[in-house]
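Enquirer: Chain residues, written in single-letter form:
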Amino acid sequence: MSMGEELPKYFEIPIAGTILEPGNTVKIPTGEWRAFRPIIDKEKCVRCLLCWAYCPDGAIIIVDQPYKTASGREYKFSVEIDYYHCKGCGICAQECPVKAIQMVEEVK
Amino acid sequence: MTEVKWKRLPLNSNYAVAYAVKDCDVDVVAAYPITPQTTVVEKISEFIANGELDAEMIHVESEHSALSAVVGAAAVGARVFTATASQGLELMHEILHIASGLRLPVVMTIAARALSAPISIWCDYGDVMNTRDTSWITLIASSAQEVYDTVIQAFKIAEDPRVLLPVMVAYDGYLMSHTYEPVYVAEDPTPIREFVPKNPKSRIVLDPEKPVTMGPIARPEWYYEIKYQQVEAMKRAYDVVKEVDAEFGKRFGRSYGVIETYKLEDADVAVLTYGGIFGTLREAIDAMRSSGLKVGGIRLRLFRPFPYREIVDAVKHLKLLIVADRAISYGARIAGPVAMEIMSVLYRESEKPEVMSVAVGIGQRTVTEQDFVELVKLGLKFLEEKRVPNETIYWGVRGVTYG
Amino acid sequence: MPRTEIRWHGRGGQGAVTAAIIVAQAAIFEGKYAQAYPEFGAERRGAPVCAYSRVSDEPIYTRAPITKPDVVVVLDPTLSKDIYMKGLKSGGLLLINTKKSVDEVKKMVGRDDIKVATVDATSIALQTLGAPIVNTAMVGALVKVLPIVKLESVEKAISENFSGRIAEANIQAVRKAYESVVW
Ligand code: SF4
Ligand code: SF4
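Protein chains in written order, with the working numbering: chain A, 1 to 108; chain B, 1 to 403; chain C, 1 to 183.
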């Protein structure tokens, strides 16, 4: 039980293990779990935000960055991935109606 | 502090519970009816309907939901109450652990009733004893007056920041739940409410202004410490139960201790039991005493945390202790839940009596003064012949004889 | 007053349990000690029902059923005497709802070591309540023969259990039975 040494003692833990700090899950680097990395093709993406709705980890982020495609279509924003939290589940790729997300094997 | 004025009312234990709940100004009640508990909630509804109690009554479709509802209400800081019996308590079982694990000061009363199958609506403590390891503080009363007083004490114990554990107050189904007897209740609830002031800010509650997460998942490196907090809380509860009882006694003139003894000082043999039949035992002791037998009685009022110090002190001078349990732990050699507990406590003591475990009153099989007289006679015979049984005696079951 | 143990016999619907409770309530209002409880079972209309009261100047601790009553009150004369006479103490009281005379009842039960009192509670109940619910009449008769509690305490207990016209009618029943019981 070597890892127990850095963790708080029973009387240092809030009663019943209650978490007193709201939203602290952002600290967990779920990105480390990833075996496949989703990559969004900004050209193909139609900004429907289905991936944003489906992502179980809230790892799809909307950025205020206008974008113009090669074919001349203009978007007021772009869609990106927060790789610190994206765990590589592939749900976004599965749900994307235009197949704009590719799952690429991570090379570590 | 407001001076308390009492009125003496004919109440059964179910009504005594309802009066205590009203006088403690409970905020949220959720319960599902089950014999013999039903009239507890009926009376509380009456108090809410006529304005004597300003509480929310949540109607639910099962006991599982009843306890879940009060767990939720307790989590936001409300003072909560529920009541059940028998199968209802069994259906709550999952949530019993949630309430204690979340450290919520829920108060619940149990009109103790035998468990199905076969169906029995009558009294025994199979339901209560089954909750032994749920981390609920468990008190067992023996009169309607004590029920009223103990429910009030229960809120103070449960909400004490050193404790923050749910409290169960049990009493005999039918034998007490339906028996009218004189009870002093507060004419005006103010002094009672002063005794159990509400202070939800003294614990962590769900509050949108200050968000917290209750009941998160605890991985192997966390779970053990969090459960150990409960071990410690139970140890502290042992003192708090006594403290609250003493304070209640000072304030209102009635206190009970964690065990009650009767004519024990010079006794050679004593019978220990719990709940309403202790009254029957008392009268049996009077009868035996008048025929020269040095018999005493002990009543266990606190089951969890187990009052081992008081028990050891009370019994060490005895030659024989007869533990009359009202429940069976099937498959155990000593099958009386309290007898088991006492024997484990006495194991390390050098000065200790012989212990005889007996099951009585199962499914409300009648227990009379004569039963206790016969039990003592049998126990003394075994003692004299140096063969106090290593197994529980199933008193009065047809087809088995002892002697 | 020594402890008085009363056993009530009736059928489901006649209010034997309420009668037992009323007597205990009346005693408690007077500052006495008392206990009342039904014989615990699932009650069904028409089935034989039994209830118990204990009244005393001293605290009552036992919760054992009453097997040797000082008083037996029978709300329904069609019940078997083998049931209600069981254990009635020598010198005890049998109060029975009947049109029969005291002597006829004595002969019927075959005991001359007890006191017998009779009252036609069914007629009284029909007159006052318009229904054969004889419990309160039997309480009225009881406290006349055996003044363990005062009539006014019984009336107070009745007002606690019933309200308005029903309370009034029950008090009438109590008074009529109090006047007409014979022993
Ligand atoms: S792979 Fe899974 S976690 Fe990563 S962005 Fe897509 S849906 Fe979210
Ligand atoms: S689901 Fe596909 S198309 Fe829609 S926003 Fe996401 S990546 Fe773009």
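Keep in mind that the hints are not guaranteed to be accurate.
Claimed, not checked - Computed cross-link-like contacts, BS3-like style, restricted to lysine-lysine with a CA-CA straight-line distance of at most 27 Å: (1) 9/A <-> 352/B; (2) 201/B <-> 9/A; (3) 43/B <-> 99/C; (4) 7/B <-> 150/C; (5) 150/C <-> 99/C; (6) 9/A <-> 235/B; (7) 150/C <-> 5/B; (8) 210/B <-> 9/A; (9) 68/C <-> 150/C; (10) 32/C <-> 250/B; (11) 7/B <-> 156/C; (12) 43/B <-> 32/C; (13) 32/C <-> 263/B; (14) 227/B <-> 27/A; (15) 156/C <-> 5/B; (16) 377/B <-> 68/C; (17) 27/A <-> 210/B; (18) 68/C <-> 5/B; (19) 44/A <-> 99/A; (20) 32/C <-> 7/B.
Claimed, not checked - Quick list of simulated restraints, FRET-style, between CB atoms: (21) 12/C <-> 370/B: 54 to 64 Å; (22) 45/C <-> 351/B: 34 to 44 Å; (23) 45/C <-> 209/B: 51 to 61 Å; (24) 166/C <-> 116/B: 52 to 62 Å; (25) 3/B <-> 90/C: 42 to 52 Å.
Derived from the structure by calculation, the hints contain no laboratory data. Built from N, CA and C at the ideal position, the CB exists for glycine as well.
Enquirer: In ascending order, which of the hints set out earlier in this document are inconsistent with the structure?
Expert: 1, 3, 18, 21, 22 and 24
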